[in-house]
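Please model the entire structure based on the sequences and the hints provided.
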Amino acid sequence: MTTEAADLLKTGIEELGMKYSEKQIESFLEYLSELKKWNKAYNLTGLKSDRDIIIKHFLDSLLYAMVLPPEALNLADIGSGAGFPGIPIKIMFPDLKVFLIEPTQKKAIFLRHICSRLQLRDIEIINERIEDVKGLKVDVAVTRALCSVREFIDKAKDILNKNGILILSKGPGLEKELAELSGGCLGSISRQDIILPFEKVTRHMVTVRP
Numbered sequence: 001m002t003t004e005a006a007d008l009l010k011t012g013i014e015e016l017g018m019k020y021s022e023k024q025i026e027s028f029l030e031y032l033s034e035l036k037k038w039n040k041a042y043n044l045t046g047l048k049s050d051r052d053i054i055i056k057h058f059l060d061s062l063l064y065a066m067v068l069p070p071e072a073l074n075l076a077d078i079g080s081g082a083g084f085p086g087i088p089i090k091i092m093f094p095d096l097k098v099f100l101i102e103p104t105q106k107k108a109i110f111l112r113h114i115c116s117r118l119q120l121r122d123i124e125i126i127n128e129r130i131e132d133v134k135g136l137k138v139d140v141a142v143t144r145a146l147c148s149v150r151e152f153i154d155k156a157k158d159i160l161n162k163n164g165i166l167i168l169s170k171g172p173g174l175e176k177e178l179a180e181l182s183g184g185c186l187g188s189i190s191r192q193d194i195i196l197p198f199e200k201v202t203r204h205m206v207t208v209r210p
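Using the numbering used here, you'd call the opening residue of the sequence shown number 1 and step up by one each time.
Among the hints, erroneous ones may be present.
Claimed, not checked - Simulated crosslink set (SDA-like; lysine to any residue; CA at most 25 Å straight-line):
| no. | residue 1 | residue 2 |
| --- | --- | --- |
| 1 | K137 | A108 |
| 2 | K176 | I195 |
| 3 | K10 | Y42 |
| 4 | K106 | I126 |
| 5 | K106 | S33 |
| 6 | K162 | E71 |
| 7 | K19 | Y42 |
| 8 | K40 | K162 |
| 9 | K157 | P70 |
| 10 | K170 | N74 |
| 11 | K19 | I126 |
Claimed, not checked - Simulated DEER-style distance windows between Cβ atoms:
| no. | residue 1 | residue 2 | range |
| --- | --- | --- | --- |
| 12 | R150 | E128 | 37 to 47 Å |
| 13 | F93 | K36 | 20 to 30 Å |
| 14 | E199 | K36 | 17 to 27 Å |
| 15 | Y20 | P69 | 35 to 45 Å |
| 16 | A41 | I195 | 14 to 24 Å |
| 17 | D52 | F93 | 21 to 31 Å |
The hints are simulated quantities; they were obtained by calculation from the structure and are not laboratory data. Note that the structure is a prediction, hence the values are computed from the model and not measured. For glycine and all other residues, C-beta sits at the position ideal for the given N, C-alpha and C.
Dropping the structure here:
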């Protein structure tokens, strides 16, 4: 299992054009093991197989990293759930300060556990709704939550630094959504289409500068 999972992960990361260390691969495998173990009691994800978790959680999370501005020093993952996309991004970019914002207590408990288990530094779990978070300012805010571009802008814009950006992944229906947003005072909106390894599914990575 470990060898197959490691090979799948390595191939996927390489397909995304990223470099990795063996330590990073070990962190992902530990994450995979703990997620499956805790999922039995905490219901953290509907995905069960190693392959699905690696592709649809780990690699899908790394699509966000592909559009991160190189000058970003910190990042907030809003509605982090079981740590996606924040923890995979942190594993690959250990110097990035990461805030995991998750209102559900049992998920926040898992996040604290896995961050400790993986010995991740400069990562903070905030067990609150984004609307209740005070005093936080970041360069980048991301989410995998199912919400519209407009909803994400409304929820997250107040935690951004002056030149901060929002990143979210969208599937089919994006064109209609962007058309409805055109003409509004929502700032600059751009997109980059990236293929998720192994699935051959296109993810529309939307970047917003409010």
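Okay, the hints, checked on the actual structure:
{"no.": "1", "hint": "K137 - A108", "in the structure": "20 Å, holds"}
{"no.": "2", "hint": "K176 - I195", "in the structure": "21 Å, holds"}
{"no.": "3", "hint": "K10 - Y42", "in the structure": "28 Å, violated"}
{"no.": "4", "hint": "K106 - I126", "in the structure": "13 Å, holds"}
{"no.": "5", "hint": "K106 - S33", "in the structure": "18 Å, holds"}
{"no.": "6", "hint": "K162 - E71", "in the structure": "14 Å, holds"}
{"no.": "7", "hint": "K19 - Y42", "in the structure": "32 Å, violated"}
{"no.": "8", "hint": "K40 - K162", "in the structure": "42 Å, violated"}
{"no.": "9", "hint": "K157 - P70", "in the structure": "20 Å, holds"}
{"no.": "10", "hint": "K170 - N74", "in the structure": "23 Å, holds"}
{"no.": "11", "hint": "K19 - I126", "in the structure": "30 Å, violated"}
{"no.": "12", "hint": "R150 - E128: 37 to 47 Å", "in the structure": "22 Å, violated"}
{"no.": "13", "hint": "F93 - K36: 20 to 30 Å", "in the structure": "24 Å, holds"}
{"no.": "14", "hint": "E199 - K36: 17 to 27 Å", "in the structure": "20 Å, holds"}
{"no.": "15", "hint": "Y20 - P69: 35 to 45 Å", "in the structure": "21 Å, violated"}
{"no.": "16", "hint": "A41 - I195: 14 to 24 Å", "in the structure": "35 Å, violated"}
{"no.": "17", "hint": "D52 - F93: 21 to 31 Å", "in the structure": "24 Å, holds"}
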